[in-house]
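For the protein sequence lines, the chains are A and B, in the order given. Everything in the first sequence is counted per the numbering used here, starting at 1 for the first residue and increasing by one. Everything in the second sequence is counted per the numbering used here, starting at 244 for the first residue and increasing by one.
Since the hints were made in silico from the structure, they are not lab data. Note that CB positions come from ideal geometry on N, CA and C, so glycine has one too. Don't take every hint at face value.
Label pairs and their computed distance ranges (CB to CB) [to be verified]:
no.: 1; chain 1: B; residue 1: 302; chain 2: A; residue 2: 25; range: 30 to 38 Å
no.: 2; chain 1: A; residue 1: 99; chain 2: B; residue 2: 382; range: 14 to 22 Å
no.: 3; chain 1: B; residue 1: 330; chain 2: A; residue 2: 220; range: 52 to 60 Å
no.: 4; chain 1: A; residue 1: 171; chain 2: B; residue 2: 329; range: 34 to 42 Å
no.: 5; chain 1: B; residue 1: 329; chain 2: A; residue 2: 179; range: 32 to 40 Å
no.: 6; chain 1: A; residue 1: 96; chain 2: B; residue 2: 329; range: 52 to 60 Å
2 protein chains.
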Amino acid sequence: MVVKTLNARRIGHKAMLFRQLFDSETSTYTYLIADEGTKEAVLVDPVLDKIERDRQLLQELGLTLRYGVETHIHADHISATGRLRELTNCQGVVPENASAKCADRFLGDGEILRVGSVEIKAIATPGHTDSHNAYLVNNDRILTGDALFIRGCGRTDFQNGDAATLYDSVTQKLFALPEETLVYPGHDYRGHLVSTIAEEKQYNPRFVGKTKTSFIKLMNDLNLPNPKKIMEAVPANEKCGKI
Amino acid sequence: MVVKTLNARRIGHKAMLFRQLFDSETSTYTYLIADEGTKEAVLVDPVLDKIERDRQLLQELGLTLRYGVETHIHADHISATGRLRELTNCQGVVPENASAKCADRFLGDGEILRVGSVEIKAIATPGHTDSHNAYLVNNDRILTGDALFIRGCGRTDFQNGDAATLYDSVTQKLFALPEETLVYPGHDYRGHLVSTIAEEKQYNPRFVGKTKTSFIKLMNDLNLPNPKKIMEAVPANEKCGKI
Chain A
1 MVVKTLNARR
11 IGHKAMLFRQ
21 LFDSETSTYT
31 YLIADEGTKE
41 AVLVDPVLDK
51 IERDRQLLQE
61 LGLTLRYGVE
71 THIHADHISA
81 TGRLRELTNC
91 QGVVPENASA
101 KCADRFLGDG
111 EILRVGSVEI
121 KAIATPGHTD
131 SHNAYLVNND
141 RILTGDALFI
151 RGCGRTDFQN
161 GDAATLYDSV
171 TQKLFALPEE
181 TLVYPGHDYR
191 GHLVSTIAEE
201 KQYNPRFVGK
211 TKTSFIKLMN
221 DLNLPNPKKI
231 MEAVPANEKC
241 GKI
Chain B
244 MVVKTLNARR
254 IGHKAMLFRQ
264 LFDSETSTYT
274 YLIADEGTKE
284 AVLVDPVLDK
294 IERDRQLLQE
304 LGLTLRYGVE
314 THIHADHISA
324 TGRLRELTNC
334 QGVVPENASA
344 KCADRFLGDG
354 EILRVGSVEI
364 KAIATPGHTD
374 SHNAYLVNND
384 RILTGDALFI
394 RGCGRTDFQN
404 GDAATLYDSV
414 TQKLFALPEE
424 TLVYPGHDYR
434 GHLVSTIAEE
444 KQYNPRFVGK
454 TKTSFIKLMN
464 DLNLPNPKKI
474 MEAVPANEKC
484 GKI
C-alpha cells in the first residue's frame, strides 16, 4: 500500500512530486521527479552509493522509475543509472554527445523528456564538461547540474571543460530564464539547497562583474585538486555507471 | 540592492519565502522563513557555525531578522540565536518551560508567532527533551525539530527525554495533522529533506506497528553514544547560545 497524498505542486492541471535528495559524501543532489497521477518517475543524477535509499523511496511512494537522467558524465561519484536499469525497466538518458554510448536516449538542446504530464526540457549548458545539460522542469525550476551552483559554478579543468564555454552557457542561457525560476544545483558545499535565477544574477561571485576574460582567468587560477574518485568514476559513468 | 523576485509560495494572499539550510557537520536543518512583502524573517534552529552564511543570505534577500526560534535546547550544536541578538534586533524565542531564562519569548502549545502575514504555530511535542515545540508554518508544513525525523525520531535518553512522552507527542499531535502536511525535520542523516505526515504514518519504522510499550523498549535499547558537543552545547544553549 502506498501513501495517498503526496506533496504535489499543482501547476495548471499538472500534479508533480518533486524531491531533492542529498549524498553527503560527495555533496551531490539527486532529484526525484514524478507525475502524481501516472506515478511515473525520473531520477536525475542518482548516486550509486544511495541506490537503496532511492529505491525504497520510489517503492514507498508507489512510483515506477522510467528514466535515470544525467546532467553530465560525473567525475566525483558513480551514477546509479546502470544498476537501476538492471533492477527496473528504466532507461538511461544523457546529454547529446555525452561519451556514454550505453545510454538509451540522448537529449539535445531544447528536447523535452515527458514523464506523465511533467515536462523536463534539456538546455545544453556545456563548459564544466564538453557535454552537459541543465533540465528545466515544468518551466518553473531548473536543475543546473555542475554548470551553475548557488553562488558558484562547476570547475572547468577536466573532461574537456572550457571556461569560455561555461561563461556563455551560464550568462546567455541560464541567466536568460525568468528571474523567479528556482535554481536546484547538482552540488552544494555550504548547506544551500535552492536559489533563484534573480539571486544568482545579482550575487554569484563567479559571474557578477566578470567579463568572459576575467572569468576565464579566475577559473584557470583555481588550481583545484582532482575529485577523489575521478579515476574510477569517469570510466564507470562512460559505461552508464557499470563498475 | 536586493533581488526583486524571490521564491514565494502564495497561500491565499500571503507570500512566504521558505528556505531549508543544512549544516553538514551536525546534519542540522535550519529554516529561513520570511514574509516577502514586509521582508521580516525568522530563523528556526540557526547554527552558530553557520552564522555568516545565514547573515549573508538575509542581507542578499533584503530581509530583517525578527526572531531566532528554537525547537528545543540542542545538545549537538550551539545555537546562533545569542550572537544574532547581539548583531541584530532579533528576539530569541524558545518553547515554554525551556531552560533558557535568557530568551525574550516563550511559546506555549498553540501559541502563534507572526512574521508579517506568516503564521508559525507552536505545537508542544516534548519527549526528545522535556521542553520541545514543533512549528506549523502557514498550516501546510511542520518543522518537527527532533520529535519526528524522516523515517525516524529523536533520541530520548538525555535532557529529561522520555520515550512515552515522545510517543504521545508524535502519534497524538503530529500524526493528527492533515496527511498532506509537509514534514521538515531538525536533522536528517541519510540525505532526505522533506516528507509528509502521510508517509511518516505509513513508513516510519519507529512508530509503524509499535505500541507505546514496544516503542519505549526500542528507544531504551538504542544505547547511542552522546553527541560530541553535548558538554559545551547544552550549557551554551541554556544561555541562548552564549559561549
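Verification of the supplied hints:
1. B:302 x A:25: 30 to 38 Å: 31 Å, holds
2. A:99 x B:382: 14 to 22 Å: 49 Å, violated
3. B:330 x A:220: 52 to 60 Å: 37 Å, violated
4. A:171 x B:329: 34 to 42 Å: 40 Å, holds
5. B:329 x A:179: 32 to 40 Å: 34 Å, holds
6. A:96 x B:329: 52 to 60 Å: Given range 52 to 60 Å: holds, Cβ gap about 54 Å.
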